[in-house]
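In order, the protein sequences belong to chains Y and B.
Mapping to our numbering: the first sequence position 292 is 955, numbers consecutive.
Mapping to our numbering: the second sequence position 106 is 277, numbers consecutive.
Hints are all accurate, no fakes.
One side only, chain B facing chain Y, incomplete, derived with CB under 7 angstroms:
#1 Pro247
#2 Met254
#3 Ala260
Keep in mind that the hints were calculated from the coordinates and are not lab data.
Owing to the predicted nature of the structure, the values given are computational and were not obtained by experimental measurement.
Built from N, CA and C at the ideal position, the CB exists for glycine as well.
Here is what each chain is made of, one letter per residue.
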Amino acid sequence: MRKALREPSLVLALLIVAILLLAFVIYPQVRVVVLPGFEGYVEFLAGRSWVRPLINSLQITVLGTTTATLLGFIYAYSMVYSQMRWKPFFRLVGLLPLMSPPFVVAASYILLFGPRGIISYHIFGQSPNVLGLGGLWGVQTIAFFPFAYQLIADVLSRSDPRLEQAAHNLGAGHWQVFRTVTLPLVRPGLLSATLMTAIYIVEDFGNPALIGGRYTVLSTQAYGLITGFGDLPGAAAVSTILLLIALVLYLIRLRLEGRRSYVTVTGRTGSIPRPPVPKIVSRLCFVACLVLAILILLVYGVLIVSALVVSFPNNMNFTLENFAYVGAHATSLRNTLVYAGAAAIFSGLLAVLMGYLVQRRNWPGRRVVDFIAIMPAAVPGIFFGIGYAAAFNQPAFDWLDRGALITISFIFWNIPIGYQATMGGLQQIDRSIDEAATSLGASSMRSLRDILFPMLNSAFLTGAVTTFVRAVTTLSVVIFLFTPRTTTATITIFQLVNDFNWGGATAFTVAVIGMAILVLALVWFISGRRGGFRGIQPGGV
Amino acid sequence: MTNTTGELQIDGVTKRFGPLKAIDRVTLRIPAGRFVTLLGPSGCGKTTLLRMIAGFYEPDEGAISLDGTRIDHLPPHQRSTAMVFQDYALFPHMTVRENIGYGLRLANVSRAEIERRVDTILDFMGLNGLGDRWPNQLSGGQQQRVALARALIIEPKVLLLDEPLSNLDANFRERMRWELRSLQQRLKITFLYVTHDQSEALAMSDWVAVMNAGRVEQWGTPREIYHAPRGAFVATFIGTANLREVRVMRRENGQAVIALAEHTISVPVSDSSSLGDKALLCVRPELITISRACQDESRVNLRGRVIRYAFLGHITRYWVEAAGEEWIIDQPDQGPSEQPYEGDVTLSFLPQQAHLITEA
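With these hints in hand, go ahead and build the complete structure from the sequences.
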């Protein structure tokens, strides 16, 4: 500490980080938790209106996580282990859902499987009622299995092929190797991926809102209490319950990964090929992936088709009229681009600075900052949104521009991704690198700028790109913050869907996804195709 | 030209890591313009001491001064020291030229001046034509020289080197010893060198500080620490030693008369004040000869039996049991037709070549 005090710029950086975290992470969250007050909690808990949504939340989480993880595992296993064809195609298709708000899956689901759905009605002549648990289960499975796939593929690809080769060499068959070597090694990683998927599903707001019908979960109850009854304390209490569930899941996950999940991030064993699986397995993998890929393509294909016809599926005449909505709501699209873009840059920069201060500097309280920096990863978007609404929708903060506030909420909600990427990156960089810089005369901040930051560019990109994607696709964080002037694309889509304006909603979705892909492609080219796209996590929740 | 700047004074420095004392009240004076080595096994505190001088650690107690000015409170970038790291720590995103010029850039030297001085040092270090390469395009030896150039260009008063040769392969390491030594001779900058490799330390240094368990065990020239070790640790850490506990019978004019087996021999003692009843006799393996018959009276002769031997190329090493203990003897090899000794032999050495360690 004495040492740190000798560098005023370092102390200043520490102070700024501390103040920012206090103001934009701690304060809003504490605000939500204390909002109902003790009596409010007693009254609310006694009212028992939360029991049904809690049970529903847990039910859909267990069901959705089971199926999504299962499908994700099949997809991931096929990608990592099998010798099936078309892997690049499957990889690309698997990335697609990361670029869009998960809740558009609900819209597609209705168009595909709803009472007038193209598959349910036009092929099978059925008019099922998809609103409720059944529909929501299907939607959450389709919406989140690609995320489970990303997480599980990452875990599987990190297992060391040499161990599998050794087992083969000792006489084990493929299935035996998988059962006795591979599975035990990846089990903690699989469990962690499952928990993360569970967190996504329990926190999700868009899908239950669109397709849940009378099947209310905690997040939709919180939303309903605010929009229907103006009951902010009630919503705060509900979302606090939701936070507790997510936090418990997240803490188990951290414990599982030995707290330092990023240690193994780059332990990719590149050059050694995995022992081949039997041909029949590869074929089965191919079929399974093909079915799943078609499912994903159907979800997004139906959006595009719906955007391009007069009235899906009754009047399939081609039209561009739906895109008029994009023009009409250009403000929200522009807002999304500006807020998400700014948030991406600042979140990436702040994450690198925080990672540096925590990992490279020794000062009291760094563990606290470490915890606060990763905490938002466990905070449900709806809770985060209510927190910002409760904290800053007060006359005292009228001077704070709402657009800026939305941007700030994006920055801090997404800080954990860039932060953990930075921590992982810094662990790869020997301390002697920054010591070399300081011994040549660089101050700490100068060596961060000249030496570490350029070396951490992939961590910065991971943070920035993921922040951007999540900011573009989130609904729950902004739903309590937007004003007519600062509305965003997801809000517009949500409103259009609620108005049953399918053409407009789908056209707008296509425009948003197109914009996101365009921006990401641009970043990818500018950054010298360096990636940083690996750690993308879903938004929209 | 002799350099009068770059004298380091370390006064009673202590550094703790938790309950562990990494450095325990170390006091050292590192003379200006000399090649000084901190030598010791891993964990002895030598790197910790070096890093405290560089400013990466702060001493818990004591003071570090450079040319009479205290520096232990300064952050690393404000000290006139530069460091060469074990893994070189070249900045991977900068070219060789940018790496070397970085220190000057920090000092706001003009671009033209940086170019000129980088050119000069590239030439000086034999790195011509490599300026625009990236660090990962260089061999280990070239990276090593870039790391040296990068540190030397800022003209530090003291150059700190943290085991810089340990990542090089054996042949090249030997050559780099001479390069480092002659570099220091040409520049007359204080080099403070950390290594656990005794032959490096002996080959390059003007002075060696042998460290163990956070303390300096001995300070001396390479010849002194090899032939006149002050304790059992130094004797066994530097080279191989036959150490025998002996009884001191009496002292007479700078000599101690001791009993070894049936012999009564007198050996020189430098510091007779600390001489007690018991002492350790240290005889280096190469100072003992092995033969069939007894040697002349001026030598100490011991009857023994060869236990085993190993042919090591330039020498043959024997393990011989004599006077109830195991002795190690190194005999220079005499060529392809030499027959190794087996069975009963005689060991002999000159008493004045033995060294008496006076610690109890």
